[in-house]
Amino acid sequence: MKNLMQSLLQACRSAVRKTSESLSLLVNSKVSGDVQGVTLMPLESLLVKFQGIQDQVLGIATRIEGELKGFLLLIINTDLVSHLLDLVLTNYEAYIREEDLTMNLEEDIIKETANVIIGSFISELNNTLKLSVNYSLPSIAVDVIAVLLDQLCANLALECRNVLVFHINLKFAEHRHSVSIIFLLKPFGENS
Amino acid sequence: MKLKLFFVPKIDGNLRKVSLSVGIGEYLIASTPSSLSTWALGSCISVILYDPFKKVGALSHCMLPEPPSPSESDNKYVSIALPNMVHDLERLGINRLNLHAAVIGGANIFGFSGKFDIGRRNVSKAIKILNEYKIPIDILDVGGNKGRNVVFLLSTGEIFVSYTTKNVFRRSLYGRAFNYRSTTP
Chain G
1 MKNLMQSLLQ ACRSAVRKTS ESLSLLVNSK VSGDVQGVTL MPLESLLVKF QGIQDQVLGI
61 ATRIEGELKG FLLLIINTDL VSHLLDLVLT NYEAYIREED LTMNLEEDII KETANVIIGS
121 FISELNNTLK LSVNYSLPSI AVDVIAVLLD QLCANLALEC RNVLVFHINL KFAEHRHSVS
181 IIFLLKPFGE NS
Chain A
1001 MKLKLFFVPK IDGNLRKVSL SVGIGEYLIA STPSSLSTWA LGSCISVILY DPFKKVGALS
1061 HCMLPEPPSP SESDNKYVSI ALPNMVHDLE RLGINRLNLH AAVIGGANIF GFSGKFDIGR
1121 RNVSKAIKIL NEYKIPIDIL DVGGNKGRNV VFLLSTGEIF VSYTTKNVFR RSLYGRAFNY
1181 RSTTP
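Chains as they are written, first to last, in the working numbering: chain G, 1 to 192; chain A, 1001 to 1185.
Don't read these hints as lab results, they were simulated from the structure. Treat the numbers as computed from the prediction; the structure is a model and nothing was measured. The beta carbon of each residue, even a glycine, is placed where N, CA and C say it ideally should be. Be careful, since some hints might not be right.
[As the list claims (entries may be wrong)] Cβ-to-Cβ under 7 angstroms is the rule here; a few derived chain A residues that face chain G:
| no. | residue |
| --- | --- |
| 1 | V1086 |
| 2 | I1118 |
| 3 | G1147 |
Next up, chain G with everything else stripped away, as it sits in the complex (with noise of 0.2 angstroms):
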């Protein structure tokens, strides 16, 4: 069990390393990463501990499955999210159409981004560990941190009580706020 933890936080870090330059790709800006820790932890302290927070963030939740089983949370700071688009517009304005302002065209740029991010960290996850991981669709959410975990967990606590957690910071150059991706995972071999 502790080997496999210790070949997921490298995994992790190998990920994150792929993650940050294909974002960084993305938006054309300079993005740095780091794991800030591991943690495992009953489900209801994890939500106790974003309780008392009550700003609204961008939440972007998929859902993990295969070999490895749980959720991918990217949070992302309200005001970092007008700067993510200034960034991606940027890159794409020869190909903004009219009529795209009237589709969800800064859903589509956010979901791209969490693509991006999500799908870099998996691949990477899949090829450092040998494994077969399969991830969902992105939902996108605004809301408290708390009640973006509360329905993830209550998710969770259908197979399990405790949760593995890999909080990841990726940040922006020029940018005080950071992408958080909350990696929440169902620890190996446990049943309720």
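Following the hints, complete the assembly by docking chain A onto the known chain G.
Quick look at chain A alone, frame taken from chain G:
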């Protein structure tokens, strides 16, 4: 109707400080002039039971509808917490026939469907149990895709609910895109 629901943009800071906060997988019983509160309900639900004559009530914060095995006794399950609340209130001399209920929460923040729509399943389970106990449901503020904060005043039976997010965010994003486009040649 013995319980009254008020939607507020934000829970008053003083009320937040003085109310007894109920955590996940817990319920608390209190009497007037106390107030009970619970925060950041997503797909979790809060069931409030209230005797308006004795001004005694309970508030729960449950995560899942029922336990995976019958041996579980954790109050994070609606099917465990709700009967426990009723029995505890009865032990305190409250007549079940005088109880009124409110069910709040059960949102589907990320739009999950089927068995992963835990919010809907929590609400269904709470309503089923309350019907079995023949406890009238005065307030049903459930579903949607927003989180909720709840404060319950036992002195009056008033329940204050604030949503944890507002719709303005998306509108401001659209506005931003439009401004961006209008400045480009």
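Results of checking the hints against the structure:
About 23 angstroms separates the beta-carbon of V1086 (chain A) from the nearest beta-carbon of chain G, more than 7 angstroms, and the hint is not met. With 7 angstroms as the threshold, the beta carbon of I1118 (chain A) comes within range of chain G, its nearest partner Cβ sitting at about 4 angstroms, so the hint holds. Given hint, G1147 (chain A) at the interface with chain G, holds; its Cβ is 3 angstroms from that chain's nearest Cβ, closer than 7 angstroms.
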